[in-house]
Amino acid sequence: MSELFSGTVAGLSAALRARKLSSVELTETLLRRVENAQAALNAFVTIDREGALAQARAADALLATANPPPLAGVPIAHKDVMMTAGLRTTCSSKMLANFVAPYDAHVVTGLKNAGTVLLGKTNMDEFAMGSSNETSHFGPVRNPWNLDYVPGGSSGGSAASVAARLCPAASGTDTGGSIRQPASLTGICGLKPTYGTCSRYGLIAFASSLDTPGMFARTAEDCGLLLNAMAGHDPRDSTSLDRPREDYTRDLGSTERQPLAGLRIGLPREYFGAGVDPDVAAAIEAALAEYRKLGAITVDIGLPNVKLSVPVYYVIAPAEASSNLSRFDGVRYGHRAAKYTDLLDMYKKSRAEGFGAEVKRRILTGTYVLSHGYYDAYYLKAQQVRRLIADDFTRAYQQCDMIMGPTAPAPAFKIGDKTDDPVQMYLNDIFTIAANLTGAPAISIPVGFDRRGLPIGMQVQSNYFTEARLLNVAHQFQQTTDWHARAPTGYAS
Amino acid sequence: MALTLDDVHRIAHLARIEIDAVAAEEVHRKLLAIFAMINELQAVDTTGIVPMAHAQDVMLPLRDDAVTAQDQRALFQRLAPAVEDGLYLVPRVVE
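Chains B and X, in that order, give the protein sequences. Residue numbers for the first sequence follow our numbering, beginning at 1 and rising by one. Residue numbers for the second sequence follow our numbering, beginning at 1001 and rising by one.
In isolation and in its complexed conformation, chain B is listed as follows (with noise of 0.2 Å):
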């Protein structure tokens, strides 16, 4: 039974395949699970039971013939911030509670092309703004290791569920670490691909030059998967890359016994320094030395700018968003007052009634920073320090292939803890936005846990387009450790 729940998506797609189990019994195992964790998880905003039944019937006939397609009837779960079609899309905000998507993003076309069921849309910091799962509409999410704390955000729901065994692999957007902090707090695997790599068409925007869509999963195999099927140019997001399609997982499964063999491996001045939770600094040195033993060198560099990541990206994102997020006016779609007295107060009314304080507080900064007399001051500069962000890491990687360090600088955090800090809680992800600033691969995997149980991750960064040698970096960690097959107590059985 137990593997059931427990199993990869490698692992459960072989066993479809070999006609082991139908997808009808697993999808049916995995809703019972979702719908059992849900008072104590709260990690989906929509269960849609009878649609991913109808999935599962329909995998199971196409697994009955010669050709089933890669991920035929394994079930997975969206971030509720992907449109699907004739389902409930929320992005965890009272402005879309009841917004039917009117069609489907390009990722989850990509994901359903492959064959996989949809159980439902998980829970999510609103818009996707947050570090913790706690904006949501809906309520927070809990992390699966213990309730009382956060699974980290804003793809909290993604993550808990993943976690908790409650499907196999979800899907996540990642702006400012979205996908990979959220992996780290709860003892998972989170991609966030290169920027262009998979469509954003279908996602309700948030910062529109830093969303990248991605994916979670026990292992990092999964992931490669995942991305298979999420991958490729689509010519209706004009940031989409057309670049020839790739197997990700084509670099997995060598068998050397030092299958690492001259990696060079750059750590950060910056990234070990003060601030850094002790638990965590320990694990990431365990890590570091069992990639020693893979054959992997390490070598010290300097990323001097990347201290500035986080002012940067308060400047960037808000200002994207603060454009984005104009569309909701109560005309069209979404949330509109019952009272107003003329236009102007409709908008006004909307608005105020059906964003989140956390959600007005970003249009409100990017409104500022985009207004006359301050543009040049702040989104022009923010834009100059992202370049020089950007250079730190080209000047590193003349001198190593993948960036090793914490994910986040501490394991999660206490539910109520950080929310009236906005810059305390904009803290977490100092590690993680770089690389949505410049636009490469970065991946998050489990690497051991704290005093208390609570999981920690290590984040691996690497160059542009290089995720098929990133994800076999990570794939031989988890080949000599067991980190990522992990339960948490009370979701091992």
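There may be inaccurate statements among the hints.
Claimed, not checked - Keeping only pairs whose Cα atoms sit at most 25 Å apart, straight-line, the calculated DSS-like set for lysine-lysine is: (1) B:Lys293 - X:Lys1030; (2) B:Lys418 - B:Lys94; (3) B:Lys418 - B:Lys307; (4) B:Lys414 - X:Lys1030; (5) B:Lys112 - B:Lys20; (6) B:Lys94 - X:Lys1030.
Derived from the structure by calculation, the hints contain no laboratory data.
Dock chain X against the given chain B, drawing on the hints supplied.
Here is chain X on its own, set in the frame of chain B:
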């Protein structure tokens, strides 16, 4: 360049978000802390640095100037709070 309470009311109007006096003070307090952090950028020398607007320095793609969109008005208008005869209804703006 310190952000004032008047600025909060001004930008809330620009952003079309109704805000009352109590909420404005709370927002003002938090925005001051956020801008104290953002203002670290002012100390950085960026003379001659080309702004980076995007992760990939690629040209925006062009397509043929041909109609590609299909008429989905009925589908999209099902999402609207108020429609009539294929039009979106809003409060009267012209007397």
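Right, here's what the structure says about each hint:
no., hint, verdict
1, B:Lys293 - X:Lys1030, "violated (47 Å)"
2, B:Lys418 - B:Lys94, "holds (22 Å)"
3, B:Lys418 - B:Lys307, "holds (21 Å)"
4, B:Lys414 - X:Lys1030, "holds (21 Å)"
5, B:Lys112 - B:Lys20, "holds (22 Å)"
6, B:Lys94 - X:Lys1030, "holds (23 Å)"
In this structure, only the earlier hint numbered 1 is contradicted, and the remaining ones agree with it.
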